[in-house]
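J.: So the sequences go chain by chain: L, Z and H.
Going by the working numbering, 157 is the number at position 157 of the first sequence; the sequence numbering is gapless.
Going by the working numbering, 68 is the number at position 68 of the second sequence; the sequence numbering is gapless.
Going by the working numbering, 143 is the number at position 143 of the third sequence; the sequence numbering is gapless.
Derived by calculation from the structure, the hints in this document are not laboratory data.
Do not take every clue at face value.
[Said to hold, decoys possible] A partial selection of chain Z residues facing chain L, derived with a Cβ cut-off under 7 Å:
#, residue
1, Phe31
2, Gln56
3, Trp64
4, Val164
Note that the coordinates shown come from a computational prediction; the quantities given were computed from them, not determined experimentally.
Yeah, the Cβ is synthetic: ideal placement off N, Cα and C, and Gly gets one too.
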Amino acid sequence: MSFLVLLFDLIGTFVFALSGGTLAVRHRLDFFGVLVLSCAAAVSGGLARDVMIGAQPPAALADWRYLATAMVAGVLTFYRHQSIEHMRNPVQLFDAAGLALFAVLGTGKALAFGLSPFAAVLLGMISGIGGGIARDLLVARTPVVLRAELYAVAALAGGGVVAVAHVAGLPQTPAMAAGAVVCFGLRFMAIRHGWHLPVARAPEDGR
Amino acid sequence: MSFLVLLFDLIGTFVFALSGGTLAVRHRLDFFGVLVLSCAAAVSGGLARDVMIGAQPPAALADWRYLATAMVAGVLTFYRHQSIEHMRNPVQLFDAAGLALFAVLGTGKALAFGLSPFAAVLLGMISGIGGGIARDLLVARTPVVLRAELYAVAALAGGGVVAVAHVAGLPQTPAMAAGAVVCFGLRFMAIRHGWHLPVARAPEDGR
Amino acid sequence: MSFLVLLFDLIGTFVFALSGGTLAVRHRLDFFGVLVLSCAAAVSGGLARDVMIGAQPPAALADWRYLATAMVAGVLTFYRHQSIEHMRNPVQLFDAAGLALFAVLGTGKALAFGLSPFAAVLLGMISGIGGGIARDLLVARTPVVLRAELYAVAALAGGGVVAVAHVAGLPQTPAMAAGAVVCFGLRFMAIRHGWHLPVARAPEDGR
Chain L
1 MSFLVLLFDL
11 IGTFVFALSG
21 GTLAVRHRLD
31 FFGVLVLSCA
41 AAVSGGLARD
51 VMIGAQPPAA
61 LADWRYLATA
71 MVAGVLTFYR
81 HQSIEHMRNP
91 VQLFDAAGLA
101 LFAVLGTGKA
111 LAFGLSPFAA
121 VLLGMISGIG
131 GGIARDLLVA
141 RTPVVLRAEL
151 YAVAALAGGG
161 VVAVAHVAGL
171 PQTPAMAAGA
181 VVCFGLRFMA
191 IRHGWHLPVA
201 RAPEDGR
Chain Z
1 MSFLVLLFDL
11 IGTFVFALSG
21 GTLAVRHRLD
31 FFGVLVLSCA
41 AAVSGGLARD
51 VMIGAQPPAA
61 LADWRYLATA
71 MVAGVLTFYR
81 HQSIEHMRNP
91 VQLFDAAGLA
101 LFAVLGTGKA
111 LAFGLSPFAA
121 VLLGMISGIG
131 GGIARDLLVA
141 RTPVVLRAEL
151 YAVAALAGGG
161 VVAVAHVAGL
171 PQTPAMAAGA
181 VVCFGLRFMA
191 IRHGWHLPVA
201 RAPEDGR
Chain H
1 MSFLVLLFDL
11 IGTFVFALSG
21 GTLAVRHRLD
31 FFGVLVLSCA
41 AAVSGGLARD
51 VMIGAQPPAA
61 LADWRYLATA
71 MVAGVLTFYR
81 HQSIEHMRNP
91 VQLFDAAGLA
101 LFAVLGTGKA
111 LAFGLSPFAA
121 VLLGMISGIG
131 GGIARDLLVA
141 RTPVVLRAEL
151 YAVAALAGGG
161 VVAVAHVAGL
171 PQTPAMAAGA
181 VVCFGLRFMA
191 IRHGWHLPVA
201 RAPEDGR
């Protein structure tokens, strides 16, 4: 199981890094800027989680494989930008898988550090969406994860399954698998059917 | 006293969350985006303070009442956006009260963690203005707390009273009350009379 | 040696603060906003590093001289904005010196806290470029350090020298001096000759 988790964790890292690299290329950043946005998109969520629960140094710095994976994705994006843009659909699926895994693993890690189930679910969500927020802030735009179809809600649902199982004293591994399936399934259906949350009617225009 | 502090702390949280939710509605974020901006505005300042002084997990995650309060404010903003916009004046008063309380409580917490009075005052200011900064960065605009009438200066003055009393060995509770009055009074007068700090004359235009 | 390090560290702090203050004046922030951007540009990199390695409270808060230096630079920028804009060339040199020192000192501090050489070099880079990133995010623009001529690459090279020397068991002080020279030299040559990294060709326009 542990090898499988690492594998998915690195796949999630890789796909999140692709999203950062792609955005950097579109904003005409140089080679290094592409690497930075790849890494920021891949590891910021986990970094924020680890700093908040007091797990220092953060896993993304303690284990070189995460940043190395993110950098490989960044180099690939730099040289094969157009091919990656054409693979938008498979990338979205991997992104949903990465989100699911980051959310349940983040929730599990927060529980292991003694946080309450409520806080743990929030930290799982931060693990999942923090990278996308950092990526978008670095090019000065409102984070799309705050708008995308059920993106963060799917992360909350996945982490919620893990937290409920924890409170009920159920074994953690199947709970994480179930949480990941819930998160992935919700996000998949939302992309497929264009599900989204309502928007409040603002009386005046923008700003 | 402790109950009173909690009460004001939650009122401050609620009002800061209203400011975040209102901004999110104006930027046409969806239901979840409104909740995120409400929470970010309400707890980011305290989160940053706690991470810097090594108080992990941060109070905003360890105690569910803060985020629950922020979420209630977010839901309210989503469904009653126009009514809240009409109450701009009372909201500004509560916001000044929240700022005053966050600043003196943040300074006190930093002193309790052994930081120097100088650092404690800065951390009090960060507690007070950090939420507004996070809120504005999430919609990619320059934080208004860096421009508003004596906003951060009032927070510094309030925290300064607490720190000076600490150095002088005076009892903390009345010092906090005095600091809160100073901060609130300064901010209130600044809103009322349009007080603001000078702006340097820039020779060239923007950017 | 230690006095020399402190001296250079404060010079770096001062020059980074000038860059923050100058940006704030151009964006027409008020007196306090100028001070905040000065401080953010000067200490954010070290703050982020210290929070990630668990060195709480961060040096920038524990030692008042850093923020005091940054504030002096901010006040100076506010009242002497035009003179500082005219000294762009010497300021760029000092900025390169500050970058070099922050990168090697940051790498050394991370190694002293037991991080791997790989993580330590990254933390050195964060120490060097974090201030510039925070400064630019506060006025909602894409950080120029992600675009400037070999800026972060120079920081990585300088930190890399320190980390390699650490692995090889060589004494730290000369390694830091050598790393600082490498970083400064690379950045100096890049400014002088307009060296920069390649930019990927994006098929579509912006966004």
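J.: Less than 7 Å between beta-carbons is the criterion; does Val164 (chain Z) satisfy it with respect to chain L?
T.: The hint is violated - Val164 (chain Z) has no Cβ within 7 Å of chain L, the shortest such distance being about 31 Å.
J.: Closer than 7 Å between Cβ atoms is the bar; does Gln56 (chain Z) clear it against chain L? Give me holds or violated.
T.: 3 Å, holds
J.: With a cut-off of 7 Å, does the beta carbon of Trp64 (chain Z) approach a beta carbon of chain L closely enough for the hint to hold?
T.: Holds: closest Cβ of chain L sits about 5 Å from Trp64 (chain Z), inside 7 Å.
J.: Would the hint on Phe31 (chain Z) stand, with a C-beta cut-off of 7 Å toward chain L?
T.: Cβ of Phe31 (chain Z) sits 4 Å from chain L, so the hint holds.
Violated hints amount to a single one, hint 4; each of the other numbered hints is respected by the structure.
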